[in-house]
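Protein chains: 2
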Amino acid sequence: MMKNLKITISYNGATYCGFQIQPDSITTPTIQGVCTEALTKLFKHEATVIGCGRTDAGVHAREYVFNTRTSLSIPNNGLVKALNGLLPHDIAVHTCETVDNDFHARYSAKSKEYAYLIHNGKTRNVFIQDLAYFYPRKLDFEKMRQAAELFMGEHDFSAYCKAESLEIVKAKEHGAVRQIYDFTVKYANEDCVELLVKGNGFLHNMVRILCGTLINVSEGKISLDDIRKTLSGGERKMAGVTLPACGLYLNKVVY
Amino acid sequence: MMKNLKITISYNGATYCGFQIQPDSITTPTIQGVCTEALTKLFKHEATVIGCGRTDAGVHAREYVFNTRTSLSIPNNGLVKALNGLLPHDIAVHTCETVDNDFHARYSAKSKEYAYLIHNGKTRNVFIQDLAYFYPRKLDFEKMRQAAELFMGEHDFSAYCKAESLEIVKAKEHGAVRQIYDFTVKYANEDCVELLVKGNGFLHNMVRILCGTLINVSEGKISLDDIRKTLSGGERKMAGVTLPACGLYLNKVVY
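From first to last, the protein sequence lines are chains A and B. Be aware that the first sequence starts at 1, since it is given in this note's numbering, and climbs by one per residue. Be aware that the second sequence starts at 1, since it is given in this note's numbering, and climbs by one per residue.
Quick caveat, the hints were computed from the structure, so don't treat them as lab data. All the given hints hold, so there is nothing to weed out.
DSSO-like, lysine-lysine: derived pairs with alpha carbons at most 27 Å apart: (1) B:Lys162 - B:Lys198; (2) A:Lys252 - B:Lys122; (3) B:Lys122 - A:Lys81; (4) A:Lys122 - B:Lys252; (5) A:Lys229 - A:Lys170; (6) B:Lys81 - B:Lys252; (7) A:Lys81 - B:Lys138; (8) A:Lys138 - B:Lys81; (9) A:Lys122 - B:Lys41; (10) B:Lys81 - A:Lys122; (11) B:Lys122 - A:Lys3.
Just so we're clear, the structure is a prediction, and the values are computed from it rather than from any experiment.
Work out the full structure, taking the sequences as your base and the hints as a guide.
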């Protein structure tokens with residue numbers, strides 16, 4: 001009997017070439033590659049890891065979900081322990097539950113939440129160098145919140161997609177239309193600002209461009225009117241910068 | 001005119017072989033080596049970095065102090081910026097001030113404060129893997145605090161020194177006698193416990209063994225009476241384990 005398992009992990013993406021397996025898994029380690037290898041060892045049969053989505057090189061995850069099927073008879077909490085023993089220290093397994101056979105980590109996802117962490121201190125913090133984007137200048141929270149509000153709701157986010165990926169996106173069912181449920185700007189602690197964005201789906205680099213646009217709005221380089229213009233299918237160059245991968249976290253996936 | 005500069009830095013020691021320069025600086029990068037190289041480049045003359053003390057491989061520092069002399073005429077805040085531009089991202093310069101010529105980072109220090117960070121969560125936290133010691137079992141704060149209190153005051157800490165270093169320590173003026181001013185156990189956040197210890201000086205590995213002893217007391221492996229016996233020059237094997245370097249931080253130096 002094959003069981004379908006829903007597994008939640010967190011990972012520090014600093015040294016990985018993203019989630020998805022690449023053709024050369026030795027020179028380009030990936031989260032999917034490392035997890036597949038560990039599960040194959042544990043299951044004693046070929047494992048397939050179905051992720052909830054891709055994350056780029058250097059991007060982190062607090063609660064990433066994947067599903068995998070096995071014929072191995074092992075209690076779910078035993079699997080968590082065994083898998084943590086097999087995985088490197090920058091990937092941690094938190095939960096494992098048996099789910100319906102038709103559960104699919106990507107297709108069954110209803111919404112996702114991302115966080116973007118900005119270290120807004122005066123000098124760089126050596127303890128979060130790969131974990132936050134260092135931005136030492138003053139941020140205008142009021143302006144950033146006004147911009148964030150404009151993004152909420154359903155829009156054509158063509159201007160907020162990596163230019164090279166837009167053609168593929170547009171060919172698909174929903175094109176570049178996505179819905180943002182919530183977009184908040186808050187202090188995570190004394191000198192770290194966290195941008196939290198929830199939506200039904202995100203285009204390639206979308207969160208990093210949305211957050212970069214908020215920074216550019218704070219700097220006065222982009223106006224709220226500029227944003228309004230981009231939200232009906234504007235071009236990539238009208239939106240803000242793509243912030244570095246190190247500040248981005250897949251926070252959670254809702255099913 | 002040579003100026004004597006007091007410079008405060010922080011560093012993430014994860015990839016360094018400790019503070020002190022080693023004979024082979026290419027295969028064994030050290031904080032002192034990297035800072036000396038950057039200052040020599042900036043000063044355009046050979047720089048000498050006098051540290052406030054050694055830290056072992058993998059140990060971190062939040063406010064490490066060193067002094068160095070230069071004939072270069074550069075404003076102190078300009079030096080901070082220039083040096084941050086030359087140093088790698090896991091070393092950050094915070095302040096630079098001109099001090100009396102007889103200021104010596106090590107000899108002028110009156111006391112030091114170390115922090116030991118324990119990640120006391122259920123599963124490992126991939127974002128602090130090199131920054132805290134992962135200890136998933138329950139900690140008995142009450143017992144740990146009672147033990148910490150016993151260490152306060154002046155004692156012969158021979159039992160709390162790396163065995164291989166004890167002979168050198170004993171040959172020096174104060175031998176293994178040190179004074180602990182304060183030793184507290186508190187939550188740094190939801191699932192991280194911070195042990196803070198202040199004293200007039202520390203023997204090799206002393207903080208890591210003191211903290212390891214607190215853990216062993218929490219586990220019931222060492223009693224308060226056992227500690228009392230060790231504090232009049234007991235042997236190393238009577239004290240607790242040496243906790244890993246990754247949890248240790250030189251917090252600050254008082255002059």
